[in-house]
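Asker: With these hints in hand, go ahead and build the complete structure from the sequences.
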Amino acid sequence: MALALGALLAAACVVFVARPLLRPARGREDELGKPTAEEEARLRLLEERDRALAALKELEFDHRTGKISDEDYRALVGPLRHDAGEALRALEHEDRPEREPETVDVEQHLP
Amino acid sequence: MPELGRAALVAALGLIVYAVAAGGYAAWKGRRRLLDSAVNALYASFAAVAVASLVLLGALAANDFSFDYVARLTSRELPLGYTLAAFWSGQEGSLLLWLLVLTGSASAAVALNRRLVREVLPWTIPIVAGVAFFFAFLLVVVASPFATQPAPADGAGMNPSLQNPYMIAHPPMLYLGYVGLTIPFAFAMAALASRQVDERWIVVTRRWTLAAWTFLGFGILLGAKWAYEEVGWGGWYAWDPVENAALMPWLVATAFLHSVMVQEKKNMLRVWNVVLVAGAFLLSLFGTFLTRSGVISSIHSFTQSSIGPFFLGFIAVVAAFSIALILSRLTVLRSPTRLESLVSREAAFLYNNLFLVALALTILWGVIYPLVSEAVRGVAVSVGAPYYDFFAIVFGLPLVLLMGIGPVVAWRRASLRALASQLAWPAGLALAAGALLVLAGAGSSPAGLVGYTFAVFVMTTIVLEFVRGTRARKGLGTGGWWTAFSGLVARNRRRYGGYVVHAAIVVLLIGAVGIGGFSTSSEARLAQGESMTVGDYRLVYTGSEERRGANAQEVRAQLDVYRGDDRVGTMEAGKNSYFAEEQTSNEVGIRTDRLRGEDLFVIADRFYPDGSVVVEAIVNPLVNFIWLSALIFVLGSVVAMWPDAREQRRLAARLAGEGAPARA
Numbered sequence: 001m002a003l004a005l006g007a008l009l010a011a012a013c014v015v016f017v018a019r020p021l022l023r024p025a026r027g028r029e030d031e032l033g034k035p036t037a038e039e040e041a042r043l044r045l046l047e048e049r050d051r052a053l054a055a056l057k058e059l060e061f062d063h064r065t066g067k068i069s070d071e072d073y074r075a076l077v078g079p080l081r082h083d084a085g086e087a088l089r090a091l092e093h094e095d096r097p098e099r100e101p102e103t104v105d106v107e108q109h110l111p
Numbered sequence: 001m002p003e004l005g006r007a008a009l010v011a012a013l014g015l016i017v018y019a020v021a022a023g024g025y026a027a028w029k030g031r032r033r034l035l036d037s038a039v040n041a042l043y044a045s046f047a048a049v050a051v052a053s054l055v056l057l058g059a060l061a062a063n064d065f066s067f068d069y070v071a072r073l074t075s076r077e078l079p080l081g082y083t084l085a086a087f088w089s090g091q092e093g094s095l096l097l098w099l100l101v102l103t104g105s106a107s108a109a110v111a112l113n114r115r116l117v118r119e120v121l122p123w124t125i126p127i128v129a130g131v132a133f134f135f136a137f138l139l140v141v142v143a144s145p146f147a148t149q150p151a152p153a154d155g156a157g158m159n160p161s162l163q164n165p166y167m168i169a170h171p172p173m174l175y176l177g178y179v180g181l182t183i184p185f186a187f188a189m190a191a192l193a194s195r196q197v198d199e200r201w202i203v204v205t206r207r208w209t210l211a212a213w214t215f216l217g218f219g220i221l222l223g224a225k226w227a228y229e230e231v232g233w234g235g236w237y238a239w240d241p242v243e244n245a246a247l248m249p250w251l252v253a254t255a256f257l258h259s260v261m262v263q264e265k266k267n268m269l270r271v272w273n274v275v276l277v278a279g280a281f282l283l284s285l286f287g288t289f290l291t292r293s294g295v296i297s298s299i300h301s302f303t304q305s306s307i308g309p310f311f312l313g314f315i316a317v318v319a320a321f322s323i324a325l326i327l328s329r330l331t332v333l334r335s336p337t338r339l340e341s342l343v344s345r346e347a348a349f350l351y352n353n354l355f356l357v358a359l360a361l362t363i364l365w366g367v368i369y370p371l372v373s374e375a376v377r378g379v380a381v382s383v384g385a386p387y388y389d390f391f392a393i394v395f396g397l398p399l400v401l402l403m404g405i406g407p408v409v410a411w412r413r414a415s416l417r418a419l420a421s422q423l424a425w426p427a428g429l430a431l432a433a434g435a436l437l438v439l440a441g442a443g444s445s446p447a448g449l450v451g452y453t454f455a456v457f458v459m460t461t462i463v464l465e466f467v468r469g470t471r472a473r474k475g476l477g478t479g480g481w482w483t484a485f486s487g488l489v490a491r492n493r494r495r496y497g498g499y500v501v502h503a504a505i506v507v508l509l510i511g512a513v514g515i516g517g518f519s520t521s522s523e524a525r526l527a528q529g530e531s532m533t534v535g536d537y538r539l540v541y542t543g544s545e546e547r548r549g550a551n552a553q554e555v556r557a558q559l560d561v562y563r564g565d566d567r568v569g570t571m572e573a574g575k576n577s578y579f580a581e582e583q584t585s586n587e588v589g590i591r592t593d594r595l596r597g598e599d600l601f602v603i604a605d606r607f608y609p610d611g612s613v614v615v616e617a618i619v620n621p622l623v624n625f626i627w628l629s630a631l632i633f634v635l636g637s638v639v640a641m642w643p644d645a646r647e648q649r650r651l652a653a654r655l656a657g658e659g660a661p662a663r664a
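First to last, the sequence lines map onto chains E and H. So in my numbering, spot 83 of the first sequence is number 83, and the numbers just go up one at a time. So in my numbering, spot 247 of the second sequence is number 247, and the numbers just go up one at a time.
Simulated from the structure, these hints should not be mistaken for lab results. Every value quoted in this text rests on a predicted model; they were computed, and no experiment measured them. Only true hints are included.
Below 25 Å or equal to it, Euclidean Cα-Cα: the simulated DSS-like pairs (lysine-lysine) are:
hint: 1; chain 1: H; residue 1: K474; chain 2: E; residue 2: K57
hint: 2; chain 1: H; residue 1: K265; chain 2: E; residue 2: K57
hint: 3; chain 1: E; residue 1: K34; chain 2: H; residue 2: K29
Simulated restraints, written as ranges between beta carbons of each label pair:
hint: 4; chain 1: H; residue 1: E647; chain 2: E; residue 2: E92; range: 20 to 28 Å
hint: 5; chain 1: H; residue 1: L401; chain 2: E; residue 2: A75; range: 22 to 30 Å
hint: 6; chain 1: H; residue 1: A490; chain 2: E; residue 2: R89; range: 28 to 36 Å
hint: 7; chain 1: H; residue 1: G58; chain 2: E; residue 2: A25; range: 40 to 48 Å
hint: 8; chain 1: H; residue 1: V376; chain 2: E; residue 2: V14; range: 45 to 53 Å
hint: 9; chain 1: H; residue 1: E340; chain 2: E; residue 2: E92; range: 26 to 34 Å
hint: 10; chain 1: E; residue 1: R89; chain 2: H; residue 2: R471; range: 31 to 39 Å
hint: 11; chain 1: E; residue 1: D70; chain 2: H; residue 2: W642; range: 33 to 41 Å
hint: 12; chain 1: H; residue 1: A316; chain 2: E; residue 2: V14; range: 31 to 39 Å
Glycine residues also receive a C-beta, built at the ideal position from the N, C-alpha and C atoms.
Answerer: Encoded structure:
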C-alpha cells in the first residue's frame, strides 16, 4: 500500500515536471526574454521619476509637519523638482521622440 | 507507512536536485520551458515534503513506536498537543519542518512574483533549491525521521521542559523566521546573478522579509515567556547561546529593514543591503546549527548529533558564494548618490544600522568565543551575562535614542533648529519623567532611570508623529480627525506600522528595565503555618499536596498571599516527576497583578520529610509589559505588511513601461 502510494506520488511528480517540456517549442517562444538596453534605460528612468516624485511628496509632508524649516524647504524643493522634471521629460522624449522637449509641470504628476 | 515517508523524501530530494540543475541551466542559457519545468519541480518538491510531513504527523498521532523518532520523543501518556509538537522537538522532525516551510514559502514567492521579477526569477530557482537540497540531503542520508525499529511497549517521552504550551508555538515561529530569510537572500543573490539590481527585488521581498522578521521576533518573545515559566529562575532572557542565535539574525534583519528604505528613497547603500541580506541568512543557518548540532552546552540543545560538520560546511559554502557574487557585482551595485548631510533621515538610518550590526557582532563573538577558545587553546571558557549586558547598554541605549530622533529628522538634510523644535516636547517630558522617578525613589538603579527616561522620550516622539501627521492631513481638508488619522496610516502603512513596532520596543524596554533593575527576592525554609515577606507581599505556607497529573506525579506547596492585611489569593509551586521520562521538572507559581503589571513569582522545589519547604519568592515589577510588547509588535508588523494596492498598481504600471506616478 505505502509503496504503491509512493510510486503514484513519484509518477505524478514526473508528469508534472515534464509537462512544460512536452509543449512544442515554436520559434523564439522557448527563449527567456532579456531586457534590451533601451528597456533597461526606461526602467531606470521610471524608477528615477517615481523616486523623485515620492521625495517631493515626502518633502511637502515634512514641511507641513514642521520637520523642515521654510528655509530648508526652499533650498530642497528646487533640485527635487528639477530631478523629477528631468525624468519626466526624458520619458516624454522616449514616447514621442519627434517632439521638442518642453517644460513639464511636475505638480501635475504628483498624486 | 514509513516507506511512504522515505519515498516522499527521496522524491523531494530528486525533484530539488532537478530544480537546481535544470533551473541553473535554464537561467544560464535562457530556456523558458526548462525553467517552467524547474519551477514545477520546486512546487512538486513541496507536495512531496508535505506528504512526508503528514506521514510523520500520522505516526505521532497514532503513537506508532515502530518509528524510532516517535518512540524517542513521545509516550502514550503524553497529551496530544505535545505529542504532535514532537514533530519539531527532535532533530529530524525540525529539519523536516525547515524543508517543508522552505519549499512552501519558495513556491509561494515564485508563484506570486513571476511577472514582477521575470529577469531575476530564473536565478532564484537554483539558489532557493540549492538551500533546499542541503536539508533534503540531511533528511535522506544523515537524519531520517523515518528510521524504524521493533516497536517498544511505550515511548521514552518528551523532555519535561518542552512540555509547556509556549513550546508548542515557539519553535515553529523561529523556524518560520529562519526559513523566511531564505527568500530575500535567494532573490537578492538572483538579482546579482542576473545583474538586475534595480529596486524590484527589494519590493518583491519586502513583505517576506517583514514576515520572517516578525515570526523571528515573536518567536524570541514566546521563547522568553517559556523560559520565564518553565526554566524557573525568575528571569526572561539569559543570553543563552541559542537565544542569541535567534536574536542575531533578527538584529541584522532589523538593520536591513531600515537601510532598505534608504535604497528605495535615495538609491544608496546598495552593497550594504545585499551584505545585510546575506548576513541575516547566514546567521539564520548558524542559529539552526547551534540549536541542532549540540555544539554548545545549552538548555536548548537537546541533541548531540552528527549534522554539525555538514552545517558548518554548508555555511562556509553559502558565505563563499555570497561574498564572491557580491564582489563580482560591485561595479553594478555602486550607488550613484551620496549622503548629503550627517543630520538627515538617511544618516539616522545609517547610525541605526551601525549600532544594530555592532550589537549583533558582539553577540556573535560572545557565542563563538568559547568554541574558538576550546578549539585553539583547549581551554573551556564561558561568556556570561555581564559581557552581553554591557554591550546591550552601550549599543542599545543609543539605538533607543535614535528611535526617538530618527522619525523627526527630514530626508536629505534637516536644520538643527527644526530638529530642536521637533524634539523640545519629547526631551522636556523625558527630563520631567526622570525627575519624578528620582523623587519616587527609582534612582536606586541608574540604568533603570536612564531606560525609563529614554522610554518617555521615544514614546512622546511616536505619539507626536501621529498627532502632527493627522493634523497635517486634516489641514488638507480630507474630512474629520478619524478620516485624517486613518488616511495617514493607510497611505503610509510601513512608516506608521514601524512606529507601532517602535512603541512595542519601548514597552519591552519598560518591562525589561522593571525586572532587571527593580525586582526584589527573598528565600526561606517554611514549616506549615510559617510566613515570609517579599516586597509588599506576605506568603503563608499552608501545606503541600501530592496528586497525579496527566503524565506526571505532581507535588505542590500551597501558599496564601497577603498584601498588607488583605488576603489577595492563593498560589501553588512545586515540581513534577514524569513517569515515562523518569525526570523531574520545576513548576513555578506566578500571580499576575494586571493593574500594576507585576508578577509575584514563587519557586518551591525542595520539600523535606518534616513537611517544610524552601520557598524562593520574587516580585518582578512591570514584567508583563514584555509580553504585552509581543502583541503590539505583531500589530505594528501587520500594519506595515498590509498590502498596498496603489503600490502594486504603480509597480505593475512601471513594469508595463508606462507608470502611474509614485506616491509618498
